[in-house]
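Modelling step: build the complete structure from the supplied sequences, incorporating the hints.
Number of protein chains: 4
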Amino acid sequence: MNTAETERVERETGRVEAFSDGVFAIAMTLLVLDLKLPHVDNSHNLFAALLSQWPTFIAFLNSFVTVLIIWMNHHNLFSQYIVKTNNVFMLMNGLLLLTVTVIPFPTSLVAEYYGTPNAIAAAALYSGTFLLMAIAFNMIWYYASNSHRLLKKTVTREQIESIKRQYYLGPSAYSVAFVLSFINVPASLIIIVALMIFYGVTASMSRG
Amino acid sequence: MNTAETERVERETGRVEAFSDGVFAIAMTLLVLDLKLPHVDNSHNLFAALLSQWPTFIAFLNSFVTVLIIWMNHHNLFSQYIVKTNNVFMLMNGLLLLTVTVIPFPTSLVAEYYGTPNAIAAAALYSGTFLLMAIAFNMIWYYASNSHRLLKKTVTREQIESIKRQYYLGPSAYSVAFVLSFINVPASLIIIVALMIFYGVTASMSRG
Amino acid sequence: MNTAETERVERETGRVEAFSDGVFAIAMTLLVLDLKLPHVDNSHNLFAALLSQWPTFIAFLNSFVTVLIIWMNHHNLFSQYIVKTNNVFMLMNGLLLLTVTVIPFPTSLVAEYYGTPNAIAAAALYSGTFLLMAIAFNMIWYYASNSHRLLKKTVTREQIESIKRQYYLGPSAYSVAFVLSFINVPASLIIIVALMIFYGVTASMSRG
Amino acid sequence: MNTAETERVERETGRVEAFSDGVFAIAMTLLVLDLKLPHVDNSHNLFAALLSQWPTFIAFLNSFVTVLIIWMNHHNLFSQYIVKTNNVFMLMNGLLLLTVTVIPFPTSLVAEYYGTPNAIAAAALYSGTFLLMAIAFNMIWYYASNSHRLLKKTVTREQIESIKRQYYLGPSAYSVAFVLSFINVPASLIIIVALMIFYGVTASMSRG
Chain A
1 MNTAETERVE
11 RETGRVEAFS
21 DGVFAIAMTL
31 LVLDLKLPHV
41 DNSHNLFAAL
51 LSQWPTFIAF
61 LNSFVTVLII
71 WMNHHNLFSQ
81 YIVKTNNVFM
91 LMNGLLLLTV
101 TVIPFPTSLV
111 AEYYGTPNAI
121 AAAALYSGTF
131 LLMAIAFNMI
141 WYYASNSHRL
151 LKKTVTREQI
161 ESIKRQYYLG
171 PSAYSVAFVL
181 SFINVPASLI
191 IIVALMIFYG
201 VTASMSRG
Chain B
1001 MNTAETERVE
1011 RETGRVEAFS
1021 DGVFAIAMTL
1031 LVLDLKLPHV
1041 DNSHNLFAAL
1051 LSQWPTFIAF
1061 LNSFVTVLII
1071 WMNHHNLFSQ
1081 YIVKTNNVFM
1091 LMNGLLLLTV
1101 TVIPFPTSLV
1111 AEYYGTPNAI
1121 AAAALYSGTF
1131 LLMAIAFNMI
1141 WYYASNSHRL
1151 LKKTVTREQI
1161 ESIKRQYYLG
1171 PSAYSVAFVL
1181 SFINVPASLI
1191 IIVALMIFYG
1201 VTASMSRG
Chain C
2001 MNTAETERVE
2011 RETGRVEAFS
2021 DGVFAIAMTL
2031 LVLDLKLPHV
2041 DNSHNLFAAL
2051 LSQWPTFIAF
2061 LNSFVTVLII
2071 WMNHHNLFSQ
2081 YIVKTNNVFM
2091 LMNGLLLLTV
2101 TVIPFPTSLV
2111 AEYYGTPNAI
2121 AAAALYSGTF
2131 LLMAIAFNMI
2141 WYYASNSHRL
2151 LKKTVTREQI
2161 ESIKRQYYLG
2171 PSAYSVAFVL
2181 SFINVPASLI
2191 IIVALMIFYG
2201 VTASMSRG
Chain D
3001 MNTAETERVE
3011 RETGRVEAFS
3021 DGVFAIAMTL
3031 LVLDLKLPHV
3041 DNSHNLFAAL
3051 LSQWPTFIAF
3061 LNSFVTVLII
3071 WMNHHNLFSQ
3081 YIVKTNNVFM
3091 LMNGLLLLTV
3101 TVIPFPTSLV
3111 AEYYGTPNAI
3121 AAAALYSGTF
3131 LLMAIAFNMI
3141 WYYASNSHRL
3151 LKKTVTREQI
3161 ESIKRQYYLG
3171 PSAYSVAFVL
3181 SFINVPASLI
3191 IIVALMIFYG
3201 VTASMSRG
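These protein sequence lines map, in sequence, to chains A, B, C and D.
Under my numbering, the first residue of the first sequence is numbered 1, with each subsequent residue one higher.
Under my numbering, the first residue of the second sequence is numbered 1001, with each subsequent residue one higher.
Under my numbering, the first residue of the third sequence is numbered 2001, with each subsequent residue one higher.
Under my numbering, the first residue of the fourth sequence is numbered 3001, with each subsequent residue one higher.
It is worth saying that the hints were derived from the structure and are not from the lab.
Every clue listed holds true.
With a straight-line Cα cutoff of 27 Å, these simulated DSSO-like cross-link-like pairs (lysine-lysine) come out: (1) B:Lys1036 <-> A:Lys36; (2) A:Lys84 <-> B:Lys1153; (3) B:Lys1152 <-> B:Lys1084.
A partial selection of chain D residues facing chain C, derived with a Cβ cut-off under 7 Å: (4) Gly3022; (5) Ile3026; (6) Thr3029; (7) Val3032; (8) Leu3037; (9) Asn3042; (10) Leu3046; (11) Phe3047; (12) Phe3064; (13) Met3072; (14) His3075; (15) Ala3203.
Negatives, chain B to chain C, calculated, CB over 12 Å: (16) Val1040; (17) Ala1049; (18) Asn1146; (19) Thr1202.
It should be emphasised that the depicted structure is a prediction, and the values quoted were computed from it without experimental measurement.
Glycine included, every Cβ here is placed at the ideal spot set by N, Cα and C.
In structure tokens, the structure reads:
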């Protein structure tokens, strides 16, 4: 591929990537607004007040790292496979970004209601949002790879299928977490955190 | 066009696009701050509290998708037609960005006042903001395309006129929604949501 | 200049521009958070409540457009004159960005205290922030242009002096606004708004 | 290196830089949200109320400038040394970005609790966050430079060691500030501010 062609192609997906990067970066940074300043008077201990907010910090960390990994996967898809874009793809990508921007909301629900009877609704929304995010991510890959629609010519059938198999785990595991949220809230959240750790570790081990 | 020329041109509009992308991405992400955490005690149901916030979620979704589609159109104009920029154009683009950044404000007004006597003012501001956004978008295209001011040389008269006709719908439909907001608030909002769906569907069907 | 050189140069200032664009875009978008949702009950009129917030809207509009014009000038400096960067320049640029990110704070002070005895402090901080912004902008140009330090080779002595003269207005006019804020708050704010309009009009008329 | 190669390399780290820039820019801009609007009635003086918030302004300034300098260092590493990326590196970079996005939280803790018995916890969290940030920064350089993993071929052993020595100061000094926060809060904060000034001055003097 000569320089001029490389550039035309880069120009086509470049702004979709830049725009998506912006949304990912902002959504991750806005998560800090979920960390609420504890108000304690002089006779109370701020360390204790901060420690009692541990569900907030776990939820914050989990959301941050999960969105980071989704961004890394998004980045890898574009840097290695996807070179074209169209309006349908941009709408699907927009759906993914919608789930990403929404994350701070269920994150703060979990932080607020963990340990109360209303934790079920919070955990259901939290796992449900990650489920939608994983579905949107699979849709993007299905649409881009179907009949080689938006891919580089050199991508092989085997690569496409391998990525598909790898991505199937997300919707399945988040479905389990979603159903579990109505039965056992801690178990549901443990699955979500475990999945985040699993994705982080496999990403570290892949050549990427 | 040789490589060096492509680059000079890219440099000229590149930063306007990057800056606009930033504003679009942030405005869309800030919309999540309109989703207020419901405060319910243990004897009340969080699911019910969230469901009762449905106007908030509809307003959020509609604002998010409408800004996403405006961004897609903005992106398509630059990737296919506009290759130059100047200060007047940047000011007009700034006016469009102003309406985009303001969106979270009327969105939260609608969310807060839907179903109350004050819904009229909220719906008027909401439809009025979209009306201004559509007008700014038409101004941008009119200015850029007039006497081929900022366009690629290869853009035809027919393409210019076709885009113009396509964009006229926005100001007309949002004007109707604006007037209707004083007579029938739900009808006004239905038009705005219908227009968002219509734009999404037509964008999906165009080759873009 | 051949392609490879163009690229090396672009790389050098490219990330400073991208980073600055990010800060400008976010600061402008965060201004919307200064627009406070009025809380009125059913017996009160939301239109009236919004109208009574007019100082908020004027302050918002003025801050938005002023930062937009600063961004346009920043963009023009980089696209036409500045091609190199160094650490001192990045720190000075950081100082400019500091004044830009701070803008939402004095903007909301003016919105909150206009018409009260404390309007003096609010107007002093508002004009003072614009004064610092204008000084930082002049410092950037002085440092970059001094002995042709960071400029393209083709920039002439006349161009440098002409830009310097043009930029001198800002610190002078904002100094007057700052001093006036202690004597006559409306007069101080009128100067700031007039300056914003003046800059917008002259930017529109320049070839840029 | 020919043009096509330069571009492939740029593409590889380009999006990591753009994404990181986004997070840096947003985190710095969100700091302004820590500046709380003082609410005073007409019989009280707004100037006095603002002056009494001085710890807030110091904490804001220190956090802004420290993140700015971290960004400058990040920028210099990529523009001069690092040309490749992989998943492990992106996770480590994500850890650095995590500490950057968190900064507004301990900043507002210090602003809120300075001068109260709970200042110890606030200062410990503030210095602890900078300590983690410095550790993450060292990890990034260690990983990228180890066996020349992600560096340009032309980087020398001497350059690598010189940068390493330069970066060691951060974790050491912030460790001292962290330990001191339990003994003497003002001393701890003075070290953090002094370090920010030291970094700013050395950055200004280096050729960068």
